[in-house]
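For the protein sequence lines, the chains are A and B, in the order given. Going from the first sequence to the numbering used here is simple: count from 1 and add 317. Going from the second sequence to the numbering used here is simple: count from 1 and add 317.
I should point out that these hints are in silico values taken from the structure, not numbers from a laboratory. Be aware that a few hints might be false.
One copy or any two copies: either way a pair holds, since identical chains are not told apart in the list.
As the list claims (entries may be wrong) - Here are the simulated lysine-lysine pairs, DSBU-like style, with alpha carbons at most 30 Å apart:
1) Lys711 to Lys608
2) Lys651 to Lys473
3) Lys720 to Lys345
4) Lys411 to Lys638
2 protein chains.
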Amino acid sequence: MSHQPDTQFLSRAGGISYDNFSFNVSYKDPKSRARLGRMETPHGGFDTPNFIFCGTKASIKGLHPHQVKEAGADFILANTYHLMIQPGADLVEKMGGLHKFMGWEGPILTDSGGFQIYCMGEGVNADEIKHRNNKTNRKQSLTKITEEGASFKSYKDGSNLFLSPESAMEIQRKLGPDFVVQLDECTAMHVSERYTEDSMHMSHRWGDRSLKAFDEKHNGAQAVYGVVQGGIYKNLREQSAAYTASRPFFGTALGGTFGGNFDQFFEIVSWCMPNLAQERPVHLLGIGTFKDIFECVRLGIDTFDCVLPTRVARHGWALMKGAPNERLNLLNAKYKEDQDPLWPELGNPSSSLYSKGYLHHLFKAKEQLAGQIVAQHNVAVMTHLMKEIRKAIKNDTLDALQKEWIPE
Amino acid sequence: MSHQPDTQFLSRAGGISYDNFSFNVSYKDPKSRARLGRMETPHGGFDTPNFIFCGTKASIKGLHPHQVKEAGADFILANTYHLMIQPGADLVEKMGGLHKFMGWEGPILTDSGGFQIYCMGEGVNADEIKHRNNKTNRKQSLTKITEEGASFKSYKDGSNLFLSPESAMEIQRKLGPDFVVQLDECTAMHVSERYTEDSMHMSHRWGDRSLKAFDEKHNGAQAVYGVVQGGIYKNLREQSAAYTASRPFFGTALGGTFGGNFDQFFEIVSWCMPNLAQERPVHLLGIGTFKDIFECVRLGIDTFDCVLPTRVARHGWALMKGAPNERLNLLNAKYKEDQDPLWPELGNPSSSLYSKGYLHHLFKAKEQLAGQIVAQHNVAVMTHLMKEIRKAIKNDTLDALQKEWIPE
Numbered sequence: 318m319s320h321q322p323d324t325q326f327l328s329r330a331g332g333i334s335y336d337n338f339s340f341n342v343s344y345k346d347p348k349s350r351a352r353l354g355r356m357e358t359p360h361g362g363f364d365t366p367n368f369i370f371c372g373t374k375a376s377i378k379g380l381h382p383h384q385v386k387e388a389g390a391d392f393i394l395a396n397t398y399h400l401m402i403q404p405g406a407d408l409v410e411k412m413g414g415l416h417k418f419m420g421w422e423g424p425i426l427t428d429s430g431g432f433q434i435y436c437m438g439e440g441v442n443a444d445e446i447k448h449r450n451n452k453t454n455r456k457q458s459l460t461k462i463t464e465e466g467a468s469f470k471s472y473k474d475g476s477n478l479f480l481s482p483e484s485a486m487e488i489q490r491k492l493g494p495d496f497v498v499q500l501d502e503c504t505a506m507h508v509s510e511r512y513t514e515d516s517m518h519m520s521h522r523w524g525d526r527s528l529k530a531f532d533e534k535h536n537g538a539q540a541v542y543g544v545v546q547g548g549i550y551k552n553l554r555e556q557s558a559a560y561t562a563s564r565p566f567f568g569t570a571l572g573g574t575f576g577g578n579f580d581q582f583f584e585i586v587s588w589c590m591p592n593l594a595q596e597r598p599v600h601l602l603g604i605g606t607f608k609d610i611f612e613c614v615r616l617g618i619d620t621f622d623c624v625l626p627t628r629v630a631r632h633g634w635a636l637m638k639g640a641p642n643e644r645l646n647l648l649n650a651k652y653k654e655d656q657d658p659l660w661p662e663l664g665n666p667s668s669s670l671y672s673k674g675y676l677h678h679l680f681k682a683k684e685q686l687a688g689q690i691v692a693q694h695n696v697a698v699m700t701h702l703m704k705e706i707r708k709a710i711k712n713d714t715l716d717a718l719q720k721e722w723i724p725e
Numbered sequence: 318m319s320h321q322p323d324t325q326f327l328s329r330a331g332g333i334s335y336d337n338f339s340f341n342v343s344y345k346d347p348k349s350r351a352r353l354g355r356m357e358t359p360h361g362g363f364d365t366p367n368f369i370f371c372g373t374k375a376s377i378k379g380l381h382p383h384q385v386k387e388a389g390a391d392f393i394l395a396n397t398y399h400l401m402i403q404p405g406a407d408l409v410e411k412m413g414g415l416h417k418f419m420g421w422e423g424p425i426l427t428d429s430g431g432f433q434i435y436c437m438g439e440g441v442n443a444d445e446i447k448h449r450n451n452k453t454n455r456k457q458s459l460t461k462i463t464e465e466g467a468s469f470k471s472y473k474d475g476s477n478l479f480l481s482p483e484s485a486m487e488i489q490r491k492l493g494p495d496f497v498v499q500l501d502e503c504t505a506m507h508v509s510e511r512y513t514e515d516s517m518h519m520s521h522r523w524g525d526r527s528l529k530a531f532d533e534k535h536n537g538a539q540a541v542y543g544v545v546q547g548g549i550y551k552n553l554r555e556q557s558a559a560y561t562a563s564r565p566f567f568g569t570a571l572g573g574t575f576g577g578n579f580d581q582f583f584e585i586v587s588w589c590m591p592n593l594a595q596e597r598p599v600h601l602l603g604i605g606t607f608k609d610i611f612e613c614v615r616l617g618i619d620t621f622d623c624v625l626p627t628r629v630a631r632h633g634w635a636l637m638k639g640a641p642n643e644r645l646n647l648l649n650a651k652y653k654e655d656q657d658p659l660w661p662e663l664g665n666p667s668s669s670l671y672s673k674g675y676l677h678h679l680f681k682a683k684e685q686l687a688g689q690i691v692a693q694h695n696v697a698v699m700t701h702l703m704k705e706i707r708k709a710i711k712n713d714t715l716d717a718l719q720k721e722w723i724p725e
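The shape of chain A in the complex, shown without the other chains:
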């Protein structure tokens, strides 16, 4: 295969048509890049900024889809990497696509699979990419990345698998979400600028191949996101943002490493933003603490996703406005006799029906209901946070709201 993809279709009048989708910005904060928007999809609409909940293997861990909805969620994500291995894209297609398969009627996004191939293959902790840790302990790679695509081992049985930009599109077409993402290489912080630059250019060529493959079978049911790479290098981030803006992607996702600390993370995001296509929705891949969200909303991010709300639930951590580290640790003995529910005003059963003392007991007794209750609560906290953020953008009270949620 030629390394220069055929992009003739890109010059066709109108590019790719996304008639069944729309994104409209209704309000812009005069003091920051924060904005309010409305996304419409074949599976309903939602307001932005918003949060996408992770249903990695076509299941939000511990929650029925109707419990996710009851907690106020609009939008979920499933992982191409996991689903292509188990149960396989052909099976999901045969079963009517992800919405029908898992019983979620709202919008769904699948990622490209690239991030998991990279993380699992390289043995690099995801923390490195998410500005949590700048130490690395690189193990031998199980992934081989060439111009053609990525060769990797199945997490399930070690068998050899291959993902190309074209096959990633085909798999996502079969999975049937509303939003699909181009395949990219997600570079780590420790690699050289030269490697990062070469990789970024390859990701751009993969972007064009993804668009071509998408367009060939496009029937109006899906919209595609391009991904900004470029690591920790300003000129590369700007180039990569400009690349996505020059191509007919429906939306833009920011990927790759965001450096080794919080300040670097914000700086890297801020380099990208002015160079993106401003009328398109911007998704920040895999980021989702309260602090991340407040800061990145100001930088212009429209949607976030993170496994945190449902993952920490299983460890007894209930997300909470104003709490130290943004959460209560329900295993703490101080909750043993606490008769108060988590947060009744959130209006879902999990936040209102059970005392913290009961939840403390369930976690101590290792009863799985504990994690289920806190998972729904955590989803509700995130949807409430996003609702309050949208209101605060409109009312110019984002700073005050941030102090309520993160007092320290």
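Using the hints provided, position chain B relative to the given structure of chain A.
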């Protein structure tokens, strides 16, 4: 303490008053001892025969109380043995009692703790007691039973604990269920007739001590069950049944071993029944396959309990009318592409919203939602079974119904 309990209170006019409780038999099958009844409690009423779902540690495994209710359940059980250790009866009392603590508004029964002390202490498999296996491999006992009560080790930290008839009543009073059970010694099949007889007489003395302790603090909120012991010996079962009938228990529970096979099990239950107080509800402790239930309803049993519906759910077994072994194994590859839900007519989300193919995927992917879905389905199957049994008793179609549920 004297080995002869003070039973003076038993001769008081009227015995123990159960004004807030009632059990009325509305119909008797002319061809068997099967009967229809109605139980009223301070937490609502329900029809019998019925099934009690096990919430061992104050949680029905994997289900919110409202999901248990949604599946049609009327009545649940919690285990004194587990709760006295974690979180402790004092804590449950302080939190307002079991109903408030766990969020279940319907009737609750707690057992006495005796069965678990026996099983865990003796290292004897519960199967031996439940007519599943007549081989025994008796390990050294960790439990010491004397006239005073039972000394045993905590399952949690190995600390020494003691349960007497009086403390079992006090703990159950603090836990606050509607129904409590006297402490008994649950004898195994392999012990001698002499041991069984001596133990039975002690259980009867424990019954009188339990009644006295119950009566001393009785405020109308609870009703107490006596327990029939006597092992596999007809004369002992008859004596023990007659003992319970002679004392002011509200209901009768059948406990102890039911022999080594199915026929012996039915025979032992049938020895007890004519000697019980006929106007009282009869509970069969820890028994609950479809076959057990059909046969024992004919013998006159009013209520059943068993961990089976929620336990097998976690292993991928969905209870099903007419299925081989009463269940579908959802891990079986034949369900991979099965687009049909489990049983939509049951009217709960778990039995109707998800295809068997999706459930197969969730079990293969080890997603905990799988067990949650099947747990609710299994509860719904059991409540549906009991509803159909009640209808069939009235219509004299129990044999035909049994053939629908258990064709083999």
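Quick rundown of the hints versus the structure:
1. Proximity of lysine 711 to lysine 608 under the C-alpha cut-off of 30 Å is restricted to the intra-copy arrangement: shortest distance 19 Å within a copy versus 64 Å between copies.
2. Within a single copy, lysine 651 and lysine 473 get their C-alpha atoms only as close as 41 Å, which misses the 30 Å cut-off; across copies the closest is 20 Å, which meets it.
3. Proximity of lysine 720 and lysine 345 under a CA criterion of 30 Å is satisfied intra-copy only: 21 Å inside one chain copy versus 69 Å between copies.
4. Only between protomers do lysine 411 and lysine 638 lie at most 30 Å apart by alpha-carbon distance; the minimum there is 28 Å, versus 43 Å within a single protomer.
No hint from the list above goes unmet by this structure.
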